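Novice: Listed in order, the protein sequences are those of chains A and B.
Using our numbering, the letters of the first sequence correspond one by one to residues 1 to 317.
Using our numbering, the letters of the second sequence correspond one by one to residues 1 to 317.
No wet-lab data here; the hints were simulated from the structure.
There's no promise every hint is true.
Pair ranges (Cβ atoms, derived) [what the hints assert, rightly or not]:
| # | chain 1 | residue 1 | chain 2 | residue 2 | range |
| --- | --- | --- | --- | --- | --- |
| 1 | A | Val109 | B | Ala121 | 26 to 36 Å |
| 2 | A | Gly65 | B | Glu80 | 39 to 49 Å |
| 3 | B | Glu113 | A | Ala171 | 31 to 41 Å |
| 4 | B | Ala121 | A | Ala171 | 19 to 29 Å |
| 5 | A | Asp144 | B | Ala172 | 21 to 31 Å |
| 6 | A | Glu113 | B | Trp87 | 30 to 40 Å |
| 7 | B | Ala107 | A | Arg166 | 48 to 58 Å |
The following residues of chain A were derived to be distant from chain B, with all beta-carbon distances above 10 Å [to be verified]:
| # | residue |
| --- | --- |
| 8 | Ala74 |
| 9 | Pro125 |
| 10 | Asp187 |
Predicted model, so just to flag it, every value in this text is computed and none were measured.
Glycine included, each C-beta is placed from N, C-alpha and C at the ideal position.
2 protein chains.
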Amino acid sequence: MRVVTLAGGVGGAKLAHGLQLALAAVEQQVVVNTADDLEVHGLLVMPDHDTVLYTLAGLADRDQGWGLAGDTFAAAGMLERYGAATWFRLGDGDLATHVLRSERVRAGVRLTEACRSLQAALGVPGPILPMCDEPVRTRVLSDDGWLDFQEYFVHRHQAPEVRELRFEGIAAARPTAEVAAAIAEADAIVLAPSNPLVSLGPILAVPGLRGLLDDARARGVPVVAVSPIVGGRALRGPADRMLASLGHESSALGVARLYAGLLDAFVLDRADAALGPPVEALGMRALVTDTVMGDDADRARLAREVIDLAGDPASRR
Amino acid sequence: MRVVTLAGGVGGAKLAHGLQLALAAVEQQVVVNTADDLEVHGLLVMPDHDTVLYTLAGLADRDQGWGLAGDTFAAAGMLERYGAATWFRLGDGDLATHVLRSERVRAGVRLTEACRSLQAALGVPGPILPMCDEPVRTRVLSDDGWLDFQEYFVHRHQAPEVRELRFEGIAAARPTAEVAAAIAEADAIVLAPSNPLVSLGPILAVPGLRGLLDDARARGVPVVAVSPIVGGRALRGPADRMLASLGHESSALGVARLYAGLLDAFVLDRADAALGPPVEALGMRALVTDTVMGDDADRARLAREVIDLAGDPASRR
Numbered sequence: 001m002r003v004v005t006l007a008g009g010v011g012g013a014k015l016a017h018g019l020q021l022a023l024a025a026v027e028q029q030v031v032v033n034t035a036d037d038l039e040v041h042g043l044l045v046m047p048d049h050d051t052v053l054y055t056l057a058g059l060a061d062r063d064q065g066w067g068l069a070g071d072t073f074a075a076a077g078m079l080e081r082y083g084a085a086t087w088f089r090l091g092d093g094d095l096a097t098h099v100l101r102s103e104r105v106r107a108g109v110r111l112t113e114a115c116r117s118l119q120a121a122l123g124v125p126g127p128i129l130p131m132c133d134e135p136v137r138t139r140v141l142s143d144d145g146w147l148d149f150q151e152y153f154v155h156r157h158q159a160p161e162v163r164e165l166r167f168e169g170i171a172a173a174r175p176t177a178e179v180a181a182a183i184a185e186a187d188a189i190v191l192a193p194s195n196p197l198v199s200l201g202p203i204l205a206v207p208g209l210r211g212l213l214d215d216a217r218a219r220g221v222p223v224v225a226v227s228p229i230v231g232g233r234a235l236r237g238p239a240d241r242m243l244a245s246l247g248h249e250s251s252a253l254g255v256a257r258l259y260a261g262l263l264d265a266f267v268l269d270r271a272d273a274a275l276g277p278p279v280e281a282l283g284m285r286a287l288v289t290d291t292v293m294g295d296d297a298d299r300a301r302l303a304r305e306v307i308d309l310a311g312d313p314a315s316r317r
Numbered sequence: 001m002r003v004v005t006l007a008g009g010v011g012g013a014k015l016a017h018g019l020q021l022a023l024a025a026v027e028q029q030v031v032v033n034t035a036d037d038l039e040v041h042g043l044l045v046m047p048d049h050d051t052v053l054y055t056l057a058g059l060a061d062r063d064q065g066w067g068l069a070g071d072t073f074a075a076a077g078m079l080e081r082y083g084a085a086t087w088f089r090l091g092d093g094d095l096a097t098h099v100l101r102s103e104r105v106r107a108g109v110r111l112t113e114a115c116r117s118l119q120a121a122l123g124v125p126g127p128i129l130p131m132c133d134e135p136v137r138t139r140v141l142s143d144d145g146w147l148d149f150q151e152y153f154v155h156r157h158q159a160p161e162v163r164e165l166r167f168e169g170i171a172a173a174r175p176t177a178e179v180a181a182a183i184a185e186a187d188a189i190v191l192a193p194s195n196p197l198v199s200l201g202p203i204l205a206v207p208g209l210r211g212l213l214d215d216a217r218a219r220g221v222p223v224v225a226v227s228p229i230v231g232g233r234a235l236r237g238p239a240d241r242m243l244a245s246l247g248h249e250s251s252a253l254g255v256a257r258l259y260a261g262l263l264d265a266f267v268l269d270r271a272d273a274a275l276g277p278p279v280e281a282l283g284m285r286a287l288v289t290d291t292v293m294g295d296d297a298d299r300a301r302l303a304r305e306v307i308d309l310a311g312d313p314a315s316r317r
């Protein structure tokens with residue numbers, strides 16, 4: 001069974017990891033958000049890609065939610081001595097990833113290929129595909145003006161209210177040949193429990209990508225999403241406040257509404273069981289289960305439920 | 001008293017450190033070899049500059065002779081996992097130096113300025129000046145063909161015999177305004193105990209640099225060198241074998257001959273006292289003393305003797 005998972009950072013990485021852990025028969029390809037990529041000290045840094053990469057390679061730091069487990073910070077210490085801005089903290093081992101990938105991209109290697117060689121070296125079985133090779137950058141309009149995404153997310157700790165989002169460069173972006181092929185050959189498509197606005201939002205905004213998903217659904221390929229909002233709160237990050245400040249309902253139902261017309265089924269947490277009927281009223285099946293992924297067993301169990309849901313003929317349109 | 005020290009790596013760094021330690025009244029500017037610079041993983045790495053930088057900042061690893069004391073190697077470990085070539089070993093803190101400087105040079109900052117901002121941040125009192133802003137790269141003809149310098153020096157552990165040297169890019173190089181001003185305003189010029197062929201050789205080969213030294217001597221500014229060869233052996237590195245394979249005498253006298261016409265005085269180790277008269281026959285004063293710099297006290301004492309020698313009216317031509 002070939003599964004394509006659309007993912008942002010931590011939540012997406014966890015479910016992708018569950019799919020990798022649970023199901024030997026699943027060939028997974030992850031399409032990852034690149035709109036929160038940034039340049040740090042002249043190096044290309046890809047937070048979502050690398051969270052998925054390290055998670056699928058079994059190297060992720062599970063406590064802090066970014067970077068490599070057990071990494072050291074000698075370079076950050078020297079950068080501080082040099083007076084460089086260090087609010088975007090990079091571990092020493094992590095730095096190697098950015099240095100190597102930046103070298104390759106600067107030498108003209110496509111982003112997709114530069115990333116794939118790193119994934120293969122770390123033993124990740126299926127590709128983690130950047131949503132596009134072109135640079136796309138999320139910008140956030142806050143009460144303090146327009147901010148780069150990581151300036152908002154990391155430097156300002158998501159404190160400013162978000163008034164508007166822009167994905168700079170999105171008009172020139174295209175799904176890569178790898179993304180198009182993965183979706184064209186998929187038996188199921190999973191939207192991971194990632195921020196629907198700034199993680200899956202940019203992926204879905206790549207011109208042509210929704211068309212690829214629609215074509216897949218027209219062929220009977222189920223598209224299933226897992227809510228990143230549980231009990232009205234984001235498990236991690238600012239999705240709940242961002243939904244509210246941008247005029248959406250800050251709930252699993254609000255997320256399902258954003259995906260209406262795109263999905264065959266939607267997975268909600270037990271805490272939101274009451275939202276099952278209104279979600280189904282949007283024209284998608286609703287599955288109520290435990291969606292909070294604490295450990296590997298949780299990841300694998302949720303992954304299995306998602307795959308069962310996708311495989312159930314009642315989930316096909 | 002304004003001193004200009006021409007230096008390569010470890011030996012040059014030690015004497016420059018001695019001058020900084022010993023003499024509060026000395027304003028030192030170091031002109032450093034850049035011909036053994038290289039690109040590692042797309043980053044500009046400047047081994048001689050950084051050995052001098054870390055030594056003068058009190059941060060050098062004195063045992064291994066390169067890098068930062070107490071540095072860690074997490075990035076090197078990841079680079080190895082990624083299958084990257086890691087024979088040129090970079091510490092984590094050291095990597096920060098290369099990342100920041102590469103960013104600035106790529107952004108169009110002159111090499112001299114990019115280096116100076118790092119030096120200032122680490123509290124180095126006087127400038128460490130790249131010999132030129134243009135890229136110059138030493139190439140080594142060995143029995144295995146032409147090699148990049150660090151390929152010969154680090155990767156092959158200086159094992160191949162050196163048949164010929166080339167300084168690629170040297171014809172287009174020019175002394176920077178900073179180097180020209182430092183020499184024009186110097187009260188004494190010191191050639192550190194560095195490899196005369198591949199450390200001081202490239203500096204002296206920058207078109208126009210010998211003319212600046214000649215002009216200084218014509219104004220009565222003493223030029224003094226310290227032998228890097230003691231008892232026929234290089235204290236560090238391949239200078240002794242390289243002198244021999246390139247047709248020079250592998251001794252302090254052989255070094256003095258390379259500098260003939262350029263120097264007012266030459267400092268030899270006690271082990272080479274017998275070479276004093278033939279050195280003086282080359283038209284320079286010879287000072288015999290202890291030249292092996294074990295600790296800071298040795299560095300400072302030798303620096304004081306060099307300055308006294310330079311300040312002695314009998315050393316002026």
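Novice: Work down the list of hints and note, for each, if the structure agrees.
Specialist: Cross-check of the supplied hints:
1. A:Val109 x B:Ala121: 26 to 36 Å: holds, 33 Å
2. A:Gly65 x B:Glu80: 39 to 49 Å: Given about 26 Å between the Cβ atoms, the range is violated.
3. B:Glu113 x A:Ala171: 31 to 41 Å: Cβ of glutamate 113 of chain B to Cβ of alanine 171 of chain A: about 38 Å, so the range 31 to 41 Å holds.
4. B:Ala121 x A:Ala171: 19 to 29 Å: Once the Cβ atoms are compared, 41 Å apart, the range 19 to 29 Å for alanine 171 of chain A and alanine 121 of chain B is violated.
5. A:Asp144 x B:Ala172: 21 to 31 Å: Roughly 48 Å apart at Cβ, these two residues miss the hinted range, so it is violated.
6. A:Glu113 x B:Trp87: 30 to 40 Å: violated, 25 Å
7. B:Ala107 x A:Arg166: 48 to 58 Å: For arginine 166 of chain A against alanine 107 of chain B, whose Cβ atoms are near 26 Å apart, the range 48 to 58 Å is violated.
8. Ala74: Given that some Cβ of chain B is not farther than 10 Å from that of alanine 74 of chain A, nearest at about 4 Å, it is violated.
9. Pro125: holds, 16 Å
10. Asp187: About 32 Å separates aspartate 187 of chain A from the closest Cβ of chain B, which puts it past 10 Å; holds.
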